[in-house]
Amino acid sequence: DAGVIQSPRHEVTEMGQEVTLRCKPISGHDYLFWYRQTMMRGLELLIYFNNNVPIDDSGMPEDRFSAKMPNASFSTLKIQPSEPRDSAVYFCASSFGQGRYGYTFGSGTRLTVV
Amino acid sequence: SQQGEEDPQALSIQEGENATMNCSYKTSINNLQWYRQNSGRGLVHLILIRSNEREKHSGRLRVTLDTSKKSSSLLITASRAADTASYFCAFLQGAQKLVFGQGTRLTINP
Chain A
1 DAGVIQSPRH EVTEMGQEVT LRCKPISGHD YLFWYRQTMM RGLELLIYFN NNVPIDDSGM
61 PEDRFSAKMP NASFSTLKIQ PSEPRDSAVY FCASSFGQGR YGYTFGSGTR LTVV
Chain B
115 SQQGEEDPQA LSIQEGENAT MNCSYKTSIN NLQWYRQNSG RGLVHLILIR SNEREKHSGR
175 LRVTLDTSKK SSSLLITASR AADTASYFCA FLQGAQKLVF GQGTRLTINP
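If you're matching them up, the sequences are chains A and B in order. Here the first sequence stands for residues 1 to 114, numbered as in the working numbering. Here the second sequence stands for residues 115 to 224, numbered as in the working numbering.
So that you can see chain A by itself, here it is in the shape it has in the complex (with noise of 0.2 Å):
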């Protein structure tokens, strides 16, 4: 298995655009996350799914991002529109059933915002 793919690796965007982060968990996996890594804050968890279902996303910031995991092999983040502040790495991870096994982690993608 190639691990958890995320695209792309590297995105500069200009505020207010629109960004897309994509990742593919590895399959069999039932659980797909998405972190914010900043020197600040840390690793944050935004949102995570269980089976393609959203379970919770209390840590997603704003309105300005969503999530959607359509299929078992394919989950987008978006930020509409995106802000400086935003420049952080995102992780994407995913686990098989309550996560006993430990978390396996994509690359991240490194978001900056000008």
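Calculated directly from the structure, the hints in this document are not laboratory data. Possibly wrong hints are sitting among the right ones.
Lysine-lysine pairs mimicking BS3-like chemistry, simulated, CA-CA at most 25 Å apart [as the list claims (entries may be wrong)]:
id, chain 1, residue 1, chain 2, residue 2
1, B, 140, B, 170
2, B, 140, A, 68
3, B, 211, A, 24
4, B, 140, A, 78
Covered by chain B, according to a simulated footprint, are these stretches of chain A (three or more residues, beta-carbon under 8 Å) [stated by the list, open to error]:
id, stretch
5, 16-30
6, 38-45
Cβ coordinates follow ideal geometry from the N, Cα and C atoms, glycine included.
Let chain A serve as the given structure and place chain B on it in line with the hints.
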């Protein structure tokens, strides 16, 4: 804050020495996990210890958990240059919410 607190924030040792990192948390947990993050990369799961376990080993890693003190430690023995990374503790709250500490930056000097 529901996040864990890690101590120290940064640690620099000589190759071959042992490295110990500590993590404390505030609420009851189901399990506690440790992850490594190399610069510019994603997190890699190292080891998981359940709330009813007190110690666990994996290769050069040793993890302890003291639920009465709400704390855990990660020991890396015989450190190598390749161990240079940030190490995070993470604990599972509720059904499926993994909360991370702020991390310890470990530097192994050759």
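For each hint, the structure was consulted:
| no. | hint | verdict |
| --- | --- | --- |
| 1 | B:140 / B:170 | holds (21 Å) |
| 2 | B:140 / A:68 | violated (32 Å) |
| 3 | B:211 / A:24 | holds (20 Å) |
| 4 | B:140 / A:78 | violated (33 Å) |
| 5 | 16-30 | violated (count 0) |
| 6 | 38-45 | holds (count 3) |
In summary, the structure is inconsistent with hints 2, 4, 5 from the numbered list given earlier, while agreeing with the others.
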